[in-house]
Amino acid sequence: MARNRPTVADLRALKGKRQLSKLRVTSLEEAEAAERAGIDLLSVTYALMLDPRFRDAAPTCFAVPGDEYGMMGATSDEILRTAVKLKAASADAVYCSASDRTIRRLADEHIPVCGHVGLIPTHSTWTGGFKAVGKTAETAELVWRQVKALEQAGAFAAEIEVVPAEVASAISRRSSLVLISMGAGAGCDAQYLFAEDVLGLNRGHYPRHAKVYRNLAAEHDRIQQERIAAFKEYAGDIASGAYPAANHMVGVDAGEMRKFEDFLSGQA
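Following the numbering used here, the numbering of the sequence shown begins with 1 at its first residue and continues without gaps.
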(Lines of atoms letter the chains of each structure in order from A and count residues from 1; the text may use other names and numbers.)
(Lines give C-alpha, C1' and ligand atoms only; values in the text may rest on other atoms or scores of the structure.)
Protein backbone atom coordinates (compact mmCIF):
# COMPACT_ATOMS: atom_id res chain seq x y z
CA MET A 1 0.00 0.00 0.00
CA ALA A 2 1.32 3.43 -0.91
CA ARG A 3 2.28 5.62 2.03
CA ASN A 4 1.94 9.35 2.47
CA ARG A 5 4.68 11.64 3.75
CA PRO A 6 4.06 12.18 7.46
CA THR A 7 3.40 15.59 8.96
CA VAL A 8 4.62 16.96 12.27
CA ALA A 9 1.17 16.17 13.68
CA ASP A 10 1.49 12.56 12.47
CA LEU A 11 4.88 12.16 14.16
CA ARG A 12 3.56 13.59 17.42
CA ALA A 13 0.58 11.23 17.27
CA LEU A 14 2.96 8.26 16.94
CA LYS A 15 4.90 9.17 20.09
CA GLY A 16 4.92 6.16 22.39
CA LYS A 17 3.17 3.96 19.83
CA ARG A 18 5.98 2.76 17.58
CA GLN A 19 9.66 3.40 16.98
CA LEU A 20 10.45 5.51 13.92
CA SER A 21 13.53 4.98 11.77
CA LYS A 22 15.88 7.79 10.77
CA LEU A 23 18.97 7.89 8.56
CA ARG A 24 21.49 10.55 7.61
CA VAL A 25 21.91 10.37 3.82
CA THR A 26 24.17 12.41 1.57
CA SER A 27 23.30 11.29 -1.96
CA LEU A 28 20.28 10.76 -4.19
CA GLU A 29 21.12 7.05 -4.32
CA GLU A 30 21.03 6.76 -0.54
CA ALA A 31 17.81 8.80 -0.39
CA GLU A 32 16.13 6.55 -2.95
CA ALA A 33 17.30 3.43 -1.12
CA ALA A 34 15.90 4.80 2.15
CA GLU A 35 12.58 5.56 0.47
CA ARG A 36 12.31 2.10 -1.02
CA ALA A 37 13.30 0.53 2.30
CA GLY A 38 10.50 2.36 4.13
CA ILE A 39 12.67 4.60 6.32
CA ASP A 40 10.50 7.21 8.07
CA LEU A 41 12.84 10.18 8.59
CA LEU A 42 15.86 11.48 6.73
CA SER A 43 18.54 13.90 7.81
CA VAL A 44 19.93 15.43 4.62
CA THR A 45 22.57 17.93 3.61
CA TYR A 46 21.47 21.34 2.41
CA ALA A 47 22.78 20.57 -1.08
CA LEU A 48 20.71 17.39 -1.27
CA MET A 49 17.57 19.10 0.03
CA LEU A 50 17.93 21.85 -2.59
CA ASP A 51 18.46 19.34 -5.42
CA PRO A 52 15.22 19.35 -7.48
CA ARG A 53 15.60 15.59 -7.94
CA PHE A 54 15.43 14.88 -4.20
CA ARG A 55 11.67 14.50 -3.94
CA ASP A 56 11.62 12.20 -6.96
CA ALA A 57 14.07 10.00 -5.06
CA ALA A 58 12.37 10.22 -1.65
CA PRO A 59 8.79 11.46 -2.03
CA THR A 60 7.41 10.13 1.26
CA CYS A 61 10.34 10.43 3.69
CA PHE A 62 10.06 13.21 6.30
CA ALA A 63 13.14 15.27 5.47
CA VAL A 64 15.09 17.30 8.04
CA PRO A 65 18.00 19.16 6.44
CA GLY A 66 20.82 19.77 8.85
CA ASP A 67 24.31 21.16 8.41
CA GLU A 68 25.35 22.21 11.88
CA TYR A 69 28.91 23.07 10.89
CA GLY A 70 27.63 25.22 8.03
CA MET A 71 25.52 27.15 10.57
CA MET A 72 28.39 27.91 12.93
CA GLY A 73 28.71 31.64 13.32
CA ALA A 74 25.48 32.35 11.44
CA THR A 75 23.12 34.96 12.82
CA SER A 76 19.47 34.30 13.59
CA ASP A 77 18.51 36.23 10.46
CA GLU A 78 20.81 34.09 8.30
CA ILE A 79 19.50 30.87 9.84
CA LEU A 80 15.93 32.01 9.27
CA ARG A 81 16.62 32.87 5.62
CA THR A 82 18.22 29.47 5.10
CA ALA A 83 15.31 27.72 6.80
CA VAL A 84 12.76 29.51 4.61
CA LYS A 85 14.70 28.49 1.51
CA LEU A 86 14.87 24.87 2.67
CA LYS A 87 11.17 24.78 3.51
CA ALA A 88 10.37 26.12 0.03
CA ALA A 89 12.41 23.21 -1.34
CA SER A 90 10.01 20.79 0.47
CA ALA A 91 11.88 20.32 3.74
CA ASP A 92 9.47 19.06 6.41
CA ALA A 93 11.49 20.55 9.27
CA VAL A 94 14.95 21.96 9.91
CA TYR A 95 17.65 20.84 12.32
CA CYS A 96 18.98 23.63 14.53
CA SER A 97 21.38 23.46 17.48
CA ALA A 98 21.60 27.24 17.81
CA SER A 99 20.26 29.25 20.74
CA ASP A 100 16.75 28.88 22.14
CA ARG A 101 16.12 32.42 20.91
CA THR A 102 16.91 31.38 17.33
CA ILE A 103 14.76 28.25 17.61
CA ARG A 104 11.90 30.38 18.92
CA ARG A 105 12.38 32.72 15.96
CA LEU A 106 12.00 29.80 13.53
CA ALA A 107 9.01 28.39 15.39
CA ASP A 108 7.33 31.81 15.36
CA GLU A 109 7.55 31.66 11.56
CA HIS A 110 5.83 28.22 11.63
CA ILE A 111 8.99 26.37 10.64
CA PRO A 112 9.16 22.99 12.43
CA VAL A 113 12.44 22.67 14.32
CA CYS A 114 14.37 19.61 15.45
CA GLY A 115 16.83 20.55 18.20
CA HIS A 116 19.64 18.60 19.85
CA VAL A 117 20.34 17.55 23.44
CA GLY A 118 22.92 15.44 25.24
CA LEU A 119 26.17 15.18 23.28
CA ILE A 120 25.94 18.08 20.84
CA PRO A 121 29.07 17.91 18.66
CA THR A 122 29.41 21.65 18.10
CA HIS A 123 28.88 22.39 21.81
CA SER A 124 30.73 19.39 23.24
CA THR A 125 33.40 21.49 24.96
CA TRP A 126 30.78 22.40 27.59
CA THR A 127 30.11 18.75 28.46
CA GLY A 128 33.65 17.38 28.36
CA GLY A 129 34.15 16.52 24.70
CA PHE A 130 32.90 13.59 22.66
CA LYS A 131 31.59 11.39 25.43
CA ALA A 132 28.29 10.41 27.01
CA VAL A 133 26.21 13.04 28.77
CA GLY A 134 23.84 12.12 31.61
CA LYS A 135 25.81 9.47 33.49
CA THR A 136 25.51 11.47 36.72
CA ALA A 137 22.38 12.93 38.27
CA GLU A 138 23.77 16.41 37.63
CA THR A 139 24.38 15.89 33.91
CA ALA A 140 21.09 14.01 33.52
CA GLU A 141 19.39 17.11 34.92
CA LEU A 142 21.26 19.14 32.29
CA VAL A 143 19.76 17.01 29.52
CA TRP A 144 16.32 17.41 31.10
CA ARG A 145 16.74 21.20 31.18
CA GLN A 146 17.84 21.16 27.53
CA VAL A 147 14.69 19.27 26.59
CA LYS A 148 12.42 21.62 28.55
CA ALA A 149 14.09 24.65 26.99
CA LEU A 150 13.45 23.26 23.50
CA GLU A 151 9.81 22.61 24.38
CA GLN A 152 9.42 26.18 25.57
CA ALA A 153 11.19 27.53 22.48
CA GLY A 154 8.69 25.76 20.22
CA ALA A 155 10.71 22.84 18.84
CA PHE A 156 8.70 19.73 18.00
CA ALA A 157 11.58 17.21 18.14
CA ALA A 158 15.15 16.75 19.29
CA GLU A 159 18.02 14.42 18.64
CA ILE A 160 19.16 12.96 21.96
CA GLU A 161 22.73 11.78 21.52
CA VAL A 162 24.83 9.41 23.66
CA VAL A 163 22.70 9.62 26.78
CA PRO A 164 22.20 6.57 29.04
CA ALA A 165 19.15 4.61 27.90
CA GLU A 166 17.44 4.80 31.30
CA VAL A 167 17.88 8.57 31.47
CA ALA A 168 16.67 9.10 27.89
CA SER A 169 13.65 6.86 28.44
CA ALA A 170 12.66 8.67 31.65
CA ILE A 171 12.93 12.03 29.88
CA SER A 172 11.03 10.85 26.79
CA ARG A 173 8.07 9.69 28.89
CA ARG A 174 7.83 13.16 30.40
CA SER A 175 8.38 15.25 27.26
CA SER A 176 6.13 16.32 24.41
CA LEU A 177 9.12 16.34 22.05
CA VAL A 178 9.60 13.59 19.51
CA LEU A 179 12.93 12.35 20.86
CA ILE A 180 15.24 10.82 18.26
CA SER A 181 17.80 8.50 19.79
CA MET A 182 21.37 8.42 18.55
CA GLY A 183 22.98 6.09 21.04
CA ALA A 184 20.32 6.84 23.68
CA GLY A 185 18.48 3.52 23.75
CA ALA A 186 15.09 2.24 22.68
CA GLY A 187 12.98 4.26 25.11
CA CYS A 188 12.78 7.25 22.77
CA ASP A 189 10.54 7.77 19.73
CA ALA A 190 12.97 7.09 16.86
CA GLN A 191 16.34 5.50 16.17
CA TYR A 192 18.94 7.42 14.16
CA LEU A 193 22.09 6.23 12.38
CA PHE A 194 24.27 7.55 9.58
CA ALA A 195 23.95 5.71 6.27
CA GLU A 196 27.74 5.51 6.00
CA ASP A 197 27.83 3.49 9.23
CA VAL A 198 24.92 1.23 8.26
CA LEU A 199 26.56 0.56 4.89
CA GLY A 200 30.05 0.03 6.25
CA LEU A 201 31.49 3.01 4.39
CA ASN A 202 33.05 4.66 7.42
CA ARG A 203 36.78 3.93 7.29
CA GLY A 204 37.46 5.57 10.62
CA HIS A 205 36.12 5.04 14.14
CA TYR A 206 32.63 3.61 14.48
CA PRO A 207 30.67 4.98 17.44
CA ARG A 208 29.43 2.50 20.04
CA HIS A 209 25.81 2.94 18.94
CA ALA A 210 26.49 2.25 15.26
CA LYS A 211 25.46 -1.06 13.72
CA VAL A 212 27.07 -2.10 10.43
CA TYR A 213 24.82 -4.05 8.07
CA ARG A 214 26.99 -4.20 4.94
CA ASN A 215 30.68 -3.80 3.99
CA LEU A 216 30.43 -1.46 1.03
CA ALA A 217 33.92 -0.09 1.71
CA ALA A 218 35.34 -3.41 0.48
CA GLU A 219 33.08 -3.27 -2.56
CA HIS A 220 34.22 0.28 -3.29
CA ASP A 221 37.84 -0.87 -3.01
CA ARG A 222 37.14 -3.69 -5.45
CA ILE A 223 35.47 -1.28 -7.88
CA GLN A 224 38.41 1.13 -7.59
CA GLN A 225 40.84 -1.67 -8.47
CA GLU A 226 38.65 -2.49 -11.48
CA ARG A 227 38.78 1.18 -12.53
CA ILE A 228 42.57 1.19 -12.32
CA ALA A 229 42.84 -2.06 -14.27
CA ALA A 230 40.50 -0.80 -16.99
CA PHE A 231 42.38 2.49 -17.34
CA LYS A 232 45.71 0.63 -17.59
CA GLU A 233 44.32 -1.62 -20.33
CA TYR A 234 43.01 1.44 -22.16
CA ALA A 235 46.41 3.17 -21.99
CA GLY A 236 48.10 -0.06 -23.11
CA ASP A 237 45.79 -0.43 -26.11
CA ILE A 238 46.61 3.12 -27.18
CA ALA A 239 50.34 2.42 -26.90
CA SER A 240 50.07 -0.82 -28.88
CA GLY A 241 47.67 0.50 -31.48
CA ALA A 242 44.89 -1.91 -30.47
CA TYR A 243 42.67 1.09 -29.86
CA PRO A 244 41.03 2.50 -31.83
CA ALA A 245 40.20 -0.52 -34.00
CA ALA A 246 38.23 -0.36 -37.26
CA ASN A 247 34.92 -0.82 -35.45
CA HIS A 248 35.60 2.30 -33.35
CA MET A 249 36.01 4.58 -36.37
CA VAL A 250 33.79 6.11 -39.04
CA GLY A 251 34.70 5.16 -42.62
CA VAL A 252 34.51 7.16 -45.85
CA ASP A 253 33.83 6.03 -49.41
CA ALA A 254 37.11 5.47 -51.28
CA GLY A 255 35.99 7.65 -54.19
CA GLU A 256 35.06 10.49 -51.89
CA MET A 257 38.40 10.19 -50.14
CA ARG A 258 40.28 10.40 -53.51
CA LYS A 259 38.36 13.57 -54.36
CA PHE A 260 39.31 15.06 -51.00
CA GLU A 261 42.98 14.12 -51.45
CA ASP A 262 42.94 15.72 -54.92
CA PHE A 263 41.53 18.84 -53.32
CA LEU A 264 44.26 18.84 -50.67
CA SER A 265 47.04 18.38 -53.27
CA GLY A 266 45.88 21.55 -54.95
CA GLN A 267 46.19 23.58 -51.78
CA ALA A 268 49.23 25.74 -51.18
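You may find that some hints are simply not true.
[Stated by the list, open to error] Taking CB as the label site, the calculated pair distances span:
{"no.": "1", "residue 1": "Ala74", "residue 2": "Met249", "range": "51 to 59 Å"}
{"no.": "2", "residue 1": "Asn215", "residue 2": "Trp126", "range": "32 to 40 Å"}
{"no.": "3", "residue 1": "Thr75", "residue 2": "Thr125", "range": "15 to 23 Å"}
{"no.": "4", "residue 1": "Asn247", "residue 2": "Arg36", "range": "34 to 42 Å"}
[Unchecked claim] In silico DSS-like pairs for lysine-lysine, Cα to Cα no more than 25 Å straight-line:
{"no.": "5", "residue 1": "Lys148", "residue 2": "Lys17"}
{"no.": "6", "residue 1": "Lys232", "residue 2": "Lys15"}
{"no.": "7", "residue 1": "Lys15", "residue 2": "Lys87"}
{"no.": "8", "residue 1": "Lys15", "residue 2": "Lys211"}
{"no.": "9", "residue 1": "Lys211", "residue 2": "Lys131"}
{"no.": "10", "residue 1": "Lys148", "residue 2": "Lys131"}
{"no.": "11", "residue 1": "Lys135", "residue 2": "Lys87"}
{"no.": "12", "residue 1": "Lys211", "residue 2": "Lys17"}
{"no.": "13", "residue 1": "Lys135", "residue 2": "Lys148"}
Source of the hints: derived by calculation from the structure; they are not laboratory data. Small disclaimer: the values here were computed from a predicted structure and weren't measured. Using N, Cα and C, we set each Cβ at its ideal position, and we do this for glycine too.
The hints, checked one at a time:
1. Ala74 x Met249: 51 to 59 Å: This hint holds: roughly 56 Å between Cβ atoms.
2. Asn215 x Trp126: 32 to 40 Å: Holds: the Cβ-Cβ distance is about 36 Å, inside 32 to 40 Å.
3. Thr75 x Thr125: 15 to 23 Å: holds (21 Å)
4. Asn247 x Arg36: 34 to 42 Å: Given about 39 Å between the Cβ atoms, the range holds.
5. Lys148 x Lys17: Distance ~22 Å between Lys148 and Lys17 Cα, so the pair holds.
6. Lys232 x Lys15: Given pair Lys232, Lys15 is violated - Cα atoms ~56 Å apart, limit 25 Å.
7. Lys15 x Lys87: holds (24 Å)
8. Lys15 x Lys211: Between Lys15 and Lys211 the Cα gap is close to 24 Å, so the pair holds against 25 Å.
9. Lys211 x Lys131: holds (18 Å)
10. Lys148 x Lys131: With Cα atoms ~22 Å apart, Lys148 and Lys131 stay inside 25 Å; holds.
11. Lys135 x Lys87: Violated - the C-alpha atoms of Lys87 and Lys135 are around 37 Å apart, more than 25 Å.
12. Lys211 x Lys17: holds (24 Å)
13. Lys135 x Lys148: Distance of about 19 Å is within 25 Å: holds.
Hints 6, 11, counting from the list given before, are not met by this structure.
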